[in-house]
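Peer 1: These are the residues of each chain, in order.
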Amino acid sequence: QKEVEQDPGPLSVPEGAIVSLNCTYSNSAFQYFMWYRQYSRKGPELLMYTYSSGNKEDGRFTAQVDKSSKYISLFIRDSQPSDSATYLCAMSLRNTGNQFYFGTGTSLTVIP
Amino acid sequence: DGGITQSPKYLFRKEGQNVTLSCEQNLNHDAMYWYRQDPGQGLRLIYYSQIVNDFQKGDIAEGYSVSREKKESFPLTVTSAQKNPTAFYLCASSPHGEQFFGPGTRLTVL
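Heads up: the sequence lines are chains A and B, in that order.
Read in our numbering, the first sequence has 105 at position 105, and its numbers run on one by one without any break.
The number in our numbering is simply the position in the second sequence, starting from 1, with 1000 added.
Hints are not guaranteed to be accurate.
What the hints assert, rightly or not - In the DSBU-like style, the derived pairs of lysine-lysine whose C-alpha atoms are separated by at most 30 Å in a straight line are:
1) A:K2 with B:K1083
2) B:K1071 with A:K42
3) A:K70 with B:K1057
4) A:K2 with B:K1057
5) A:K2 with A:K42
Claimed, not checked - Derived list of chain A stretches under chain B, where covered just means 3 residues or more per stretch with a C-beta under 8 Å from a C-beta of chain B:
6) 27 to 36
7) 43 to 49
8) 76 to 89
Stated by the list, open to error - Not everything, but these chain A residues come out facing chain B in the computed CB check (under 10 Å):
9) V4
10) Q6
11) P8
12) G59
13) F61
14) N98
15) Q99
16) F102
17) G103
18) T104
Hint data in this document are derived by calculation from the structure and do not stem from the laboratory.
Computed from a predicted model, the values in this text were never measured in an experiment.
Beta carbons: idealized from backbone N, C-alpha and C, even for Gly.
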């Protein structure tokens, strides 16, 4: 079983839609949770970073962590064509000296 | 302007040659990482370093080598022993619980 599972998609939505991206994980010791956006042939860009459970909002993006269910989500409101990218979830155990565990990414296309 | 730089952006190698990929960061991060990204396989850890003059093998270290002589620099050498080196290589650094990535180097073996 993989440490982190992520539906690869592809996911296609109309402009303005609410997008929900999800990951599940198996290791209950994960404490730090991240979402990255990666455009084609570019490095991943850190979008959201949360510690432990709860919600975090930044503009159109909301990250949710449910440690009891071992489930994290990224919501994108009012999706734009510029949101078309691959979204990677990631998590780690400790504050420093970490290894990081990644999902395989979900490909999102927002249609104008 | 702080960040992580990788060079070159594109690299072509003949079979049997060693090549070195550069990674530099001016973020004052202690930890640095090298990943390989192949289509449909996600990110796979090659090597990581938590401190200068120390590094550990990741999941796919065979055929690769690294050094960490300075905090700012973590070069990756792809040796001729790496059987399938064509891939997108990503360098990252981490201050605490999150990780930041460079722009990547695309290596193609001819």
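Peer 1: Could you work out which earlier hints the structure fails to respect and list their numbers in ascending sequence?
Peer 2: Hints 8, 12, 13 not satisfied by this model.
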